[in-house]
Structures are given as C-alpha cells and as structure tokens.
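Chemist: The listed protein sequences derive, respectively, from chains V and P. Numbering-wise (the working numbering), the first sequence opens with residue 1 and increments by one. Numbering-wise (the working numbering), the second sequence opens with residue 1 and increments by one.
One or more hints might be untrue.
[What the hints assert, rightly or not] Below, simulated DMTMM-like cross-link-like pairs (lysine to aspartate or glutamate); rule was C-alpha separation at most 20 Å, straight line:
| id | chain 1 | residue 1 | chain 2 | residue 2 |
| --- | --- | --- | --- | --- |
| 1 | P | K334 | V | E142 |
| 2 | V | K165 | P | E323 |
| 3 | V | K160 | P | D124 |
[Unchecked claim] Stretch-level coverage of chain P by chain V, calculated; a stretch enters the list once three of its residues show a Cβ under 8 Å from a Cβ in chain V:
| id | stretch |
| --- | --- |
| 4 | 57-67 |
| 5 | 112-121 |
| 6 | 319-332 |
These are calculated hints, taken from the structure and not from any lab test. Using N, Cα and C, we set each Cβ at its ideal position, and we do this for glycine too.
One letter stands for each residue in the lines below.
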Amino acid sequence: MAEEKDETRGLMKTESGRRLTQILTDDYLNLHRRASEGAFVVWVAIIVPVELFKGFDNVVFAVPESHAALSAAKGVGMLQCEKAEHDGYSMDICSYARIDIGTAMSSGKDSPTFGLPRPHLLVSDNNNCSLLVKWFDIYHREWNVPHFIIDVPFCYEMQKETDLKYIVAQFRDLIKTIETMSGQKFNIDRVKEALQNSSAAAKHYKRFIDCAVNRPSGITAFDSFVQMAPLLTSRGCPTVVEHFRKLADETEERIKNGQFPVPNEKYRLLWDSIAPWHQLRKMSSRLANLDANIVAASYTSCVGSIEGHYEFLQEYRDGDPLESLARIQNFSVCPYGMKLRFNAMSWAAQHYGIDGFVFASNRSCKVYSVMQMDLQKWITEELRIPSVMIDVDHADIRKYNEENAFLRMEALLESIDAGRTRAIT
Amino acid sequence: MESNLSKLKQQNRRLVGCFPLYPPLELLHSFGLMPVVLWDMKEQVRSLKESDRHLQSFTCSVARRLAEFVLSEEGALLDGLLIYNACDTLRNMPEIIKRGLEEKGKTLPLLKFHVPMVSPKQTDSTGYFAGRIRELIGEIENAFGVRFSSERFLVSVRLYNAIRRLSLEMETLVSEGKMSYADFSRLMRNGHFMAPENHLSALKDALKKAKSGPTKNSSDGIKIIVSGILSPPDALCAIIEESGMRVAGNDIASQARSYSYMPQEIDDPIAYYTDFFRNHHPCTTLLHSSDERLKLLNELIEKRGARGLIFIGEKFCEYEYLELPFIIKTLEQKNIATLQLEIATDDEDNVEAFRTRIEAFSELIK
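Chain P on its own, in the form it takes in the complex:
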C-alpha cells in the first residue's frame, strides 16, 4: 500500500484519506485529488504502536489501523482527511486523529460531512443533504485551492462506474469458478490504494486473464456466500477454497456492498449523491438501508444456488453483531446453513485455527 501511495505522491497527486467506506470518491477525484479509502488495511498495518496510545483495546481493528496509519510515518503521505458519519467508534476518530497529529506538530485539512440516515419513506432529507454537498464542495475548494467543474465530475463518475461494472463482472467469474475468490478479494482491497485509472486497468487485465486462463477455483465446489464488514484475510479465503467451497457471491462491505449499485451518470453532484446514498446497496453502516439486506441476501443465495453463508465477524463491530442473529435465524429457517467466524485485530496471522471449523462446515453442506 505504502509503495502505491508513494508512487502517487511522486506523480504529485494530492492524497485524501477517507473513511468510512462510501465517501464521495468521484467528487474528490474530479478536483484532481486522489481519494484513498482507509478501510481494510489488515495486510499493510501490522503494528499498532501509535494507535494504542489513543484507543482502548475494545475498539475494532478498522479504527485502530486507521489511527495507526494516519499517525505513523505512512500517514505523512496524506494531504487531507475526509469523514462522514458512521458508527459510535468512528465518529470519535476525527478529533482523536487531530490531537494525535498535533502532538507531532502536524495538521491536515479535515473535511466532515453528514449523510442523512433517515429512510426516504420517513423524512425527505434531500434539501438538507444538498446543503451538505454544497458545503463540502466549498470546503474542498478552500482547503486545496481547486475549483469544481461539472464536466470533470461527470468524467470521474463514469470512471468509477466503469470500475463498479468490472467488479460485478469479476464477481460473476468468481461465482462461476473461473477465478479464485482470494485473488478477487486482494484485487478489490488493493484498489483502495490505487489511482482509479490504475485500478480499472488492473481489473481489465485480471478479467482478461481469468477468461482465457485455466479455472482457478473449484468449478464443482459447494457454493457459499460470504458476508461481513471487512473482507476475509487472504489465508482464510484460501482455506475456504481448499475446503472444497466456492464463493458464489458476497455481502462484504468493501466488496459487493460498495460496487453493486450503479448510480446514474449525471454531472450534478447533489443529484448524483442523493441517488448514490438513497439507493445504495444495503449496508449496516447506512442505517436506513439495513432492512433490505436480508432481502438481497436471500435473492443472492437463490440466484447463485448457494447452500451456506459464512459470516466473517469483525470483533467489536456492534452494528454487524446486532443484525446477525436475525439473519442467521431467517436463513436457517430456509435450510441455509451458516457459519460464524470472528476475526480480532491479531487474528489475521492465526487463521489456521479456523481450518477445522471451515472444513466441517464444508462437509455439513455437501
């Protein structure tokens, strides 16, 4: 990750670290800025020395790695930060990071904006949200000395939608057994730290290779769905596939939940982001959307012919854990078997402990 970011810095790109998962990437990109989604940094952020000075051990790995990255040397590559409202932990992060940076004698432009969490059926938040987007544009212009252009915005919208389209196509290849889920997952994660133009090229190359090359994933594997707020560690993906299962679809926040909805390609950022958040693929972090999650999971399971669901739990993610029992109960009523795994901050290196459970699950749903 760091080397990717260093390369971008060498190209004089100004990097804006964003969290949580669904920031206005297109908008930042249209200003010539380079948005970097600070999520799912398990492979790259190994030590938590800085973070431990600011966060208790009962904080999730997303927050701990985020703090570590921004406050450590790597974070010096960033030119700004952008946050929108998410969970109870993350909403505290801007001020924690600000103080951490100040301790080091640094400051960064910190852009904050509020995404309405009300259901559109309940309250019309369009006017309020339009004001927030206008405010954000003004803040970006002031912080970085740039001007908004609707033409450039539309170009960025098209670029990110192209990435979404290829991601969906690639997910289909994984479900058909033509590509390994581990490879797919790595490619998605790396995309957060690449220029979108480069990510698009990487996706095109990988798709070409997958279509022409030998099957990477067991084509007769037992089909399952994976779900969670973070993608499974690579080693865990490998264990799933080695156990004779094929990931036929996912409900991972940084994967399907991020790329599944294709917003309309328009040059008005207010209309674009209203559509983007209102019709976003359901995610636990977008409070009004959660009701649709189970419905879409059911549809996905049916469409892909999956026989089980593996839930990759992020330790201390209360949002996900509060939704899980109802999902499991409902799926099990439909004879869809489920397996719950929990990954804590230090567990990425210890996934072998899960092998027996995953193998047993594979046997169970055969």
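Isolated chain V, as found in the complex:
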C-alpha cells in the first residue's frame, strides 16, 4: 500500500515541541534543585490532585509514571526494566513499574532526568491503577517512607455523592499528613488558584486536540501524547496554561496555513490505549506513509473531562477546590467502566469523524486492556465502524512486534476501503 517512506511525515517538529522540551527540562531541574534545597518531596500517581501541594510553601512532587514514559520514549525503557527483572521483579509486571523500580534501585543511573529525588512521602491512588499501590509499597518498605493511599471507588456509573464525600475526606487527611510531616501550613486559596490554572490549561489542551476535527487533521494523536507531559510534571502552574494556549494557537494557525501531519489523509483512526512510547515517531510516520492518521486517542481525549465524556467539563472558577478535585478524580479512562468508556468513545467517533478504531491490547496495563475484547465487539456492532486489536506494551519494546501490528492495521485500512466501496455501489 505504501510507496516511498518519508520519516518527516506524521509527528511534526514544531515551536511548541521545542518549548515543551524546555518546560520539561526546567521542571526536572527545578525538582532536583528544590529537593536538594530542602523541599518536602512527594511521589505521586498521575491522578493524585497535585494542585493540593500548591497550598504549601515548599512541597514538590515527582510522577514516576511520567518519568517511566519519558524513559521509554528516550529509548532506555528496556534497560531499566532489565534492572528490575535482575532484582527479582517479574517480566509480567507493568513496564512503567519495572522502569521506575530499575531507575530507583540504581539511583537514577541511565535515566534521562538523573532519576527522581528521594521522597519524604508516597501518595498512590487506586482509581487509575491499583497496582500502583503495590509499586509504591516497594519504596515504602525499602526506604521506610510513609505511603498514603487514596482509595477511589471504581466508577461503573457516574460518581455518587457518597463517593465524592469519601474522597474529599481523604484529601483533608492528606493535607493534615503533609502539614504534620513537613511542618508547613496549608493555604487553600493557593489551591484555588492552581485549580483555576489546571482548568484553563485543560481547556487550551482541549482546543489543541480538537484541531483533529479538521480534515485533514491538524494533529496526530502522537502529538497529543507528547504534549500531555506538562499536565503531569507541572499541573496547576501558569506556565502550563501559557504553553497550551500557544500550542492551540500555533496548531490552529498551521491549519489555516495548510500545514498538516498527514496531508493526503484518507483514514482517520482512534487509538484506545496508553501511548506506545517507544514507537511514537516510527508508528506515526509509517501510518502517515499509508495516508492514515491516528487523529485521536481515548488516553488523551479525556483530559479536561469527567467520567464517560470527552467534551470539556472541568471548568473551575470558585467554590470548594477539594470538592472540585474529588469530582474530577475519574476523568481519565482507566477508572471508567465499560459502559462509560463506550459512551465516551461513541461521542469521540462522531466528533472526530473516525473511520476505524485501533484497540491496543497492552500487557502492561490490565485496567485499560482487560475489557477491550468486549468493548471492541460493542463498538463495532453498534457504531458499524471497523476496528482491529493489536498487541503492544506501552514501555517495554521487547513485547511489541511492529510487523504484526502493521499487518493488522493495514488490514483495518483495507476494511475501511472495502466499506467505502460497498457504500458507493
């Protein structure tokens, strides 16, 4: 199907990309600097409301999952995984966890960010991934660091009021824990400000990913994967708002100027999984050479939303920030039940004009993947949009076979073509 390979197609090099690199560099340098100067360091799961930490004078946070994704994207994922395996951790364990354990147990050796500063407190959150509690327990035991578990009931339906109150109570206990451990006083007004920034940043990010509505799409989902990083490393900061505002503006400008990652876009696909971090450029350019573009992903479309939706619903102006933070605990896809995920993906299929779904069955993320066989059947039958399931691992390249994956994705494109031919005749 493909003719000449062009490595420049797909994921684009942009001004926002260069700015992103600078933001991430600054974030990790600041983290290390402030930690060395005595800041209270917290390691968090990605879904922990880091806006709470802005309520303290000198609390910094690190996100091991984000660091693991960065390590995989920079090509050191396998190396760190092997270190963890050498220490007795099974190859069947999530590759983010293995990368992080490998990095931590080798004191940051081979890490693109020189690892993460040693934490004073670990805060896990079982709604996105309950395995993460066990992963943080390792450091809790090895280093004798307290571990605070945020327990969020899984949402098979929209969040209940009782669950919201339960989550708020835990946030209050987390604040008390940090006050006691760090000796710092908490200021809720600063949390409000941080939450306003998060809300504004999510709104601009949403505007950026909505550039995929254009035909041809102004972005690939791979752009949205890469650009997620500041939402994790410096959520709540004005710099993130500014970055996403510029990102959305620049992307809209490129559309006006007729610059597209896949100019001859014939196939618009939706990706259901975490990003294949070790394949970003390779997969996007190979697809682009087939005139195919993964324009959206369930992984990133959910930003700024709440469970079961993809549209922007996280507007925050005022009010109790703890309640607002509790309400958006389930925004990411993993805490959704199948029905909610189906609702969100159906909306996205229509919104982005999706021709086909790629369900990336990810060995490392059971919470994302285990329902995919049924979800695929449901989506295909109800929406009558063809789909394919491929095997990936988000961060361990040893568990990915490019040719197998593309054999299936090319079959999906043929299936889309066949459907179009049938529609004409």
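Following the hints, put chain P in place on chain V, whose structure we already have.
Modeler: Coordinates of chain P only, in the frame set by chain V:
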C-alpha cells in the same frame, strides 16, 4: 463442584456467586441465600472456550476461570453475583460478565460494593463503609425479595466462625504431620462450593479421622511454609510431601488468609464487617493490610520452626509479584530459604516439571 451446586439447587437454595475472596458470606447466608466463592476453580473448570471470547491470554487464571464458569452451562445454576473491589483485572469483570450473559439472552442480579482500602491509621472510613453495607443489604433485599434479620445474621456469623476455628485446628494437625496438606487443601477448596453446614460437618469428620488415624504426613519432614494467592494444585502438594517436606503453615489467600482472623460474634453487620476487614489477616488484595504480611509470615515461620518458604506464583498476578522480591530478600537475610514456582493457566496438568526443583529445594534445606 457442579454436582455440589446441582444438589444445592435441588434443595431450592438460591446460589450467589461471589468474587474475589472475602465477600460477606455471613450476610448472604443469613438471608437464606447460598454464597459460592468463585475462586480457585482449577480442578473444575478445564476448558476456557467461553472465557477466551472475552479475555486476553495475559489475564490470570482466576479471571479466566471465573468468566468461563459464569458464562458456561454451569453458571446457569447461579441466581446472582456479588463483587467487591479487588485488582485491576477483576474490577472489569462485572461488565464483561454482564455483556457475556446478555449475549446469551440471560441476566443475573449483580451486586457491587466497595471495601475501603485506606489504612485506618490514615483515614476513618467507618461512616462511608457503613453506608455501603446498608446499601448492600437494601440491594440484596430488593434483588431476592428477602428481609434482613439480626438474629439470623448472628447465627450465620457463629456458623462461619465455627468453620474458621476448625480450619485453624486442622492447619495445626497438618503442621504436626497428622494430616496431609494435599487433603487439607482439597477440603478447603471444596468448602467454597458446599453449604457451610455441610462444610462444617466435612471438617469435623476429617478432623476426627486425622486425630484417630495413622499419620498421613511425614512427621519428621522438613518444615516449610507455602504462600500464594491460590492454593497449590493437588499434584504439587503431593510432590512437596513426597520430597520429604511438611507444610507447617500457609499464607495462601484461600486458606490461612481467609480463616485466620475470627471476627467478633455480633448481630450488627456494619460493626461486624468493619471489624472483619479492618483486622483481616493480611492479604495482597486488601491494600492497607499488606504491611503486616511479612511480619506475620516471620512469626509463622518462627512459631512453626520452618526452614523454607515455597511461593506458589499465579502467572500475571501483579499484586503478588510486586510484593515478592522484598519478602524473599528479607527472609533470605534471616537464612530462610525460598523457592519460587509459577503456575500458569495450563500448568496444573504439568506439575511434574517442578519435581526436580522441589526435590532440590528439599535437599537444600535439610
């Protein structure tokens, strides 16, 4: 298993399939319902034809067998399902099962409730949990047209505690070499699919026999502890004992972790289950309890004079595998030898492959 369940159905018992391991059995039983814990079904569920239509091959055998059982003909015996929160795989199962049943034109009452996973030292979840128990009682009443009775609840509590007491007694007999671990393990597993009254009788009979009969287990065997989320396959238990080792204690989720804590005998289900989960024997699936696991393992090893630990790993159980390296490291620092075995879905019939390793381990700790 199926024949046990069929017998119960013939007695007009309404069967409620429960997962994972520590559902509110007493509560369901007090309503006149028959709870069946859908765990450790390796002996009974052999084919995975139905399950393979819904679950990827990297899913653990617990989930695959659970799906297979509920969606196959045997599952038709069930009148309802109850799930509480567990791992990342199992939390997806209610909707997968629901869709699987719908494909077959069936529906079942599906009761879900959330057990707080926060440490009591960190957050007081008592009020929240009380609400969940009240909600669950209401849902059971609506789904099955029954009414809660505190008197009947207390009777059920006493019955299940009697089972726990006998299980502990039997574990002691195994540790003393008066009963085979393979027999004990089978009896525990079968108990999941028996009426608790029958399970209690079976335990009493087995205890009587063990106390009066000849020693089944090598009384001079080298003492070891077994640990894991599932009990070892029977053939593997036999190999352990044939290799000259005696199972002096266990940290198996469906065994010691299930029966070791005796909750207070009270007629208030909220207070009962608050105590039940807060003070439960440590288990990887009860997130706040894990810190205590190593401590209790050490105590068990010391109390029973064990010289080694055999870990029976369930392929793809990330909870267990994330805890294991630290446990092994700590035990080995105390000169307690460890052996790790991994059982995958299809391995139950191939345990002979483990014989050499088990024999070598036995030699090592002699």
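Chemist: Now tell me if each hint is right for this structure.
Modeler: Evaluated hints:
no.	hint	in the structure
1	K334/P x E142/V	holds, 16 Å
2	K165/V x E323/P	violated, 31 Å
3	K160/V x D124/P	holds, 19 Å
4	57-67	holds (count 3)
5	112-121	holds (count 6)
6	319-332	holds (count 9)
Hint compliance for this structure: hint 2 alone is broken.
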